[in-house]
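A.B. asks: Now for the letters of each chain:
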Amino acid sequence: MASQDQQRFESLYSANFRLIVAYAARRTRETDDALDVAAETFLTAWRRLNEVPKGDLSLAWLYGTARRVLANSRRAYSRQERLVAKLVASDEISRRDAVLPGSASTSEEMTVIAQAWARLHVNDRELLSLVAWEGLSRRELGLVLGWSEGKARVRLHRARKRFARELLQEGVVVPPSAHYQRRARTERRVEDAS
Amino acid sequence: MTDNRVSIDLIVRRINPVKETEVDSLVDIEGEQALLRRIMTESGQSPRRASGEGRRRLVIVVAAVSLTVAAGGLVALSVQQYSAVKNLPVAGSKVPGEGAMGMPGGRCVEEYSLATLRNRFFAFDGSVTQVLPSGDTEGDEPFSQVTFRVNEWFRGDETVGDTAEVTVTMPDSGTVSSVSGPLYLEGMRLLVSGEPRWEGDSLGDSIAWACGFTRLYDPATAGQWRDVFSG
Numbered sequence: 002m003a004s005q006d007q008q009r010f011e012s013l014y015s016a017n018f019r020l021i022v023a024y025a026a027r028r029t030r031e032t033d034d035a036l037d038v039a040a041e042t043f044l045t046a047w048r049r050l051n052e053v054p055k056g057d058l059s060l061a062w063l064y065g066t067a068r069r070v071l072a073n074s075r076r077a078y079s080r081q082e083r084l085v086a087k088l089v090a091s092d093e094i095s096r097r098d099a100v101l102p103g104s105a106s107t108s109e110e111m112t113v114i115a116q117a118w119a120r121l122h123v124n125d126r127e128l129l130s131l132v133a134w135e136g137l138s139r140r141e142l143g144l145v146l147g148w149s150e151g152k153a154r155v156r157l158h159r160a161r162k163r164f165a166r167e168l169l170q171e172g173v174v175v176p177p178s179a180h181y182q183r184r185a186r187t188e189r190r191v192e193d194a195s
Numbered sequence: 029m030t031d032n033r034v035s036i037d038l039i040v041r042r043i044n045p046v047k048e049t050e051v052d053s054l055v056d057i058e059g060e061q062a063l064l065r066r067i068m069t070e071s072g073q074s075p076r077r078a079s080g081e082g083r084r085r086l087v088i089v090v091a092a093v094s095l096t097v098a099a100g101g102l103v104a105l106s107v108q109q110y111s112a113v114k115n116l117p118v119a120g121s122k123v124p125g126e127g128a129m130g131m132p133g134g135r136c137v138e139e140y141s142l143a144t145l146r147n148r149f150f151a152f153d154g155s156v157t158q159v160l161p162s163g164d165t166e167g168d169e170p171f172s173q174v175t176f177r178v179n180e181w182f183r184g185d186e187t188v189g190d191t192a193e194v195t196v197t198m199p200d201s202g203t204v205s206s207v208s209g210p211l212y213l214e215g216m217r218l219l220v221s222g223e224p225r226w227e228g229d230s231l232g233d234s235i236a237w238a239c240g241f242t243r244l245y246d247p248a249t250a251g252q253w254r255d256v257f258s259g
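Going down the list, the protein sequences come from chains A and B. Each residue of the first sequence is one higher than the last, beginning at 2 in this note's numbering. Each residue of the second sequence is one higher than the last, beginning at 29 in this note's numbering.
Do not rely on the hints blindly, as some may be mistaken.
Partial chain A-side listing against chain B, Cβ under 10 Å, derived [to be verified]:
#1 F10
#2 F18
#3 R19
#4 Y24
#5 L36
#6 D57
#7 I114
#8 W148
#9 V155
#10 L157
Simulated from the structure, these hints should not be mistaken for laboratory data. Even glycine gets a Cβ: it sits at the ideal position worked out from N, Cα and C.
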């Protein structure tokens with residue numbers, strides 16, 4: 002039995018370790034902090050292997066655990082003071098308005114997007130990023146956040162609307178999806194050609 | 029109603045601070061395997077054992093890494109545990125201020141205060157005019173080259189003459205905000221202080237310190253910095 006557990010955990014770890022490090026790195030911006038989060042996440046998975054769902058949903062379970070580890074790190078001022086100070090400081094930075102030049106170069110467009118993003122509630126950012134950065138489905142999203150699939154769908158819809166509204170305040174009109182799909186295809190072609 | 033779901037998701041994807049293609053570069057395989065062995069052995073013999081002992085031991089390892097680096101050069105007794113990540117703390121580094129950058133793997137070797145600020149080689153109030161992506165990966169530490177239009181020199185201008193622009197090495201941050209993390213955006217106004225990168229005596233290759241030594245501009249703090257360096 003122990004051998005089966007070990008084999009299963011090793012498979013879980015090798016398939017997902019880097020994805021969890023990346024998840025944490027996207028939210029801490031520090032690779033060593035990200036590794037701390039990933040280590041604690043997989044330690045929890047090892048301890049609770051019988052609670053980890055088998056199949057595709059195991060990654061969503063790991064994301065959910067990593068999310069709680071990260072949240073605990075933010076709360077644990079005495080134990081993780083350095084990480085907390087960093088997160089607080091970065092949040093402060095992200096909420097400040099940058100001085101924007103007037104033209105519409107790519108970097109300026111990104112600046113505008115970043116400003117709208119920074120004004121979103123942290124829960125909306127987490128919802129949107131789990132879908133766009135980690136590529137989660139609504140079902141997986143529900144598992145990560147402890148919601149039903151239906152609730153995840155509704156919350157995601159609202160978060161998208163709020164982000165579109167924030168973008169609009171910055172003068173960015175979110176085009177219909179087809180436009181962006183064409184643009185993404187063009188960008189990919191340019192990248193492939195270079 | 030127009031369906032813009034995909035558009036929104038693509039916009040969010042553009043500000044992803046760690047792209048999918050970059051994930052593998054975060055980790056090296058040997059360290060990854062070492063951590064796996066550590067979890068499965070030192071953290072407990074069985075995955076279902078409920079004891080918290082193993083967890084505490086791993087946390088202690090994390091603390092040991094932090095303490096080692098904070099002590100500024102003691103033997104990195106547990107660093108190999110964390111060699112999964114390329115941007116490791118480098119205990120005993122000779123690069124002045126490297127540990128204070130707040131960069132991946134770095135630690136604050138000096139806490140920010142007006143007293144410690146006084147020790148910095150250069151300090152200025154500047155607005156970001158250009159952010160170059162991390163071209164310098166020396167020592168596996170990612171950096172950005174950030175060019176500032178200097179609004180006011182507090183210290184260090186004597187080494188560069190009467191210049192209105194200076195380029196400083198900063199911890200890599202990309203160019204846009206994300207959920208967290210420092211960011212440098214064109215037009216952003218910062219108070220920046222730091223040291224020559226290689227123990228030199230000019231700003232030709234200088235590095236900004238984080239941990240409070242580089243921060244967003246505000247008039248009150250700028251006034252304090254002015255007082256510190258004029259005193």
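A.B. asks: Look at each hint and say if it fits the structure.
C.D. replies: Results of checking the hints against the structure:
no.: 1; hint: F10; result: holds, 6 Å
no.: 2; hint: F18; result: holds, 6 Å
no.: 3; hint: R19; result: holds, 5 Å
no.: 4; hint: Y24; result: holds, 9 Å
no.: 5; hint: L36; result: holds, 5 Å
no.: 6; hint: D57; result: violated, 18 Å
no.: 7; hint: I114; result: holds, 6 Å
no.: 8; hint: W148; result: violated, 18 Å
no.: 9; hint: V155; result: violated, 13 Å
no.: 10; hint: L157; result: holds, 9 Å
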